[in-house]
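> Build out the structure end to end from the sequences listed, making use of the hints.
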Amino acid sequence: MNKGIEGLGQDVPRIVEQLPQEKLIPPRVLSDKLATYVQGIRNNTHSEFFDLQTANRVTELCRGMLTALPAEPSEIQHRLTQLAIHYFVLEEDAEDDNDSLIGFDDDLQVAIAVIEELGLHDLPGMESTDG
Numbered sequence: 142m143n144k145g146i147e148g149l150g151q152d153v154p155r156i157v158e159q160l161p162q163e164k165l166i167p168p169r170v171l172s173d174k175l176a177t178y179v180q181g182i183r184n185n186t187h188s189e190f191f192d193l194q195t196a197n198r199v200t201e202l203c204r205g206m207l208t209a210l211p212a213e214p215s216e217i218q219h220r221l222t223q224l225a226i227h228y229f230v231l232e233e234d235a236e237d238d239n240d241s242l243i244g245f246d247d248d249l250q251v252a253i254a255v256i257e258e259l260g261l262h263d264l265p266g267m268e269s270t271d272g
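Be aware that the sequence shown starts at 142, since it is given in this note's numbering, and climbs by one per residue.
Treat the hints with care, since some could be wrong.
[Claimed, not checked] DEER-style ranges, computed between Cβ atoms:
| hint | residue 1 | residue 2 | range |
| --- | --- | --- | --- |
| 1 | G260 | I166 | 14 to 24 Å |
| 2 | Q194 | S172 | 31 to 41 Å |
| 3 | D173 | P265 | 16 to 26 Å |
| 4 | L165 | G260 | 28 to 38 Å |
| 5 | N184 | E216 | 28 to 38 Å |
| 6 | R169 | I217 | 16 to 26 Å |
| 7 | Q194 | E216 | 26 to 36 Å |
| 8 | Q180 | T208 | 12 to 22 Å |
| 9 | E213 | N184 | 27 to 37 Å |
| 10 | S215 | Q194 | 16 to 26 Å |
| 11 | P265 | P211 | 16 to 26 Å |
| 12 | E213 | L193 | 29 to 39 Å |
Hints were generated in silico from the structure; no laboratory data involved.
We put the beta carbon where it would ideally sit given N, CA and C, even for glycine.
Here you go:
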């Protein structure tokens, strides 16, 4: 699934490869999962390493992907959007989100790669992407 997604770091693909096998989840449920996760991380910002700015940017990008989904998305649109959101909400991904200075960088990398793959370059939050 991630063969067509450029720009994923070396630790990210092994996790991303497992996500496309998941059953497609309705966008509303994905939105609820995202909201629940974001509320949880905002309540858990006790670590000196917690990067709220990057977490907020990934949240904005994920919300933008959900908003950009057409009423009847193609399977690939749906799967890629689901992949980005699920990667973000995973507790154990390539980098610990709460206890690392770069904890959300891998989540951002996946979100940007998915957005670029979907051709959604004009989403809010993408204007600060280098390249």
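> Against each hint, give a clear statement of whether it holds in the structure.
Now for the hints, and whether the structure bears them out:
1. G260 with I166: 14 to 24 Å: 22 Å, holds
2. Q194 with S172: 31 to 41 Å: Given about 22 Å between the Cβ atoms, the range is violated.
3. D173 with P265: 16 to 26 Å: This hint holds: roughly 21 Å between Cβ atoms.
4. L165 with G260: 28 to 38 Å: Since L165 and G260 have Cβ atoms about 20 Å apart, the given range 28 to 38 Å is violated.
5. N184 with E216: 28 to 38 Å: 35 Å, holds
6. R169 with I217: 16 to 26 Å: Check passed, 20 Å falls within 16 to 26 Å.
7. Q194 with E216: 26 to 36 Å: Taking Cβ atoms as reference, Q194 and E216 lie about 33 Å apart, which means the hint holds.
8. Q180 with T208: 12 to 22 Å: Once the Cβ atoms are compared, 19 Å apart, the range 12 to 22 Å for T208 and Q180 holds.
9. E213 with N184: 27 to 37 Å: 36 Å, holds
10. S215 with Q194: 16 to 26 Å: Hint violated: Cβ distance 33 Å, outside 16 to 26 Å.
11. P265 with P211: 16 to 26 Å: Holds - the Cβ-Cβ distance for P265 and P211, about 18 Å, lies within 16 to 26 Å.
12. E213 with L193: 29 to 39 Å: 35 Å, holds
Hint compliance for this structure: hints 2, 4, 10 are broken, all remaining hints hold.
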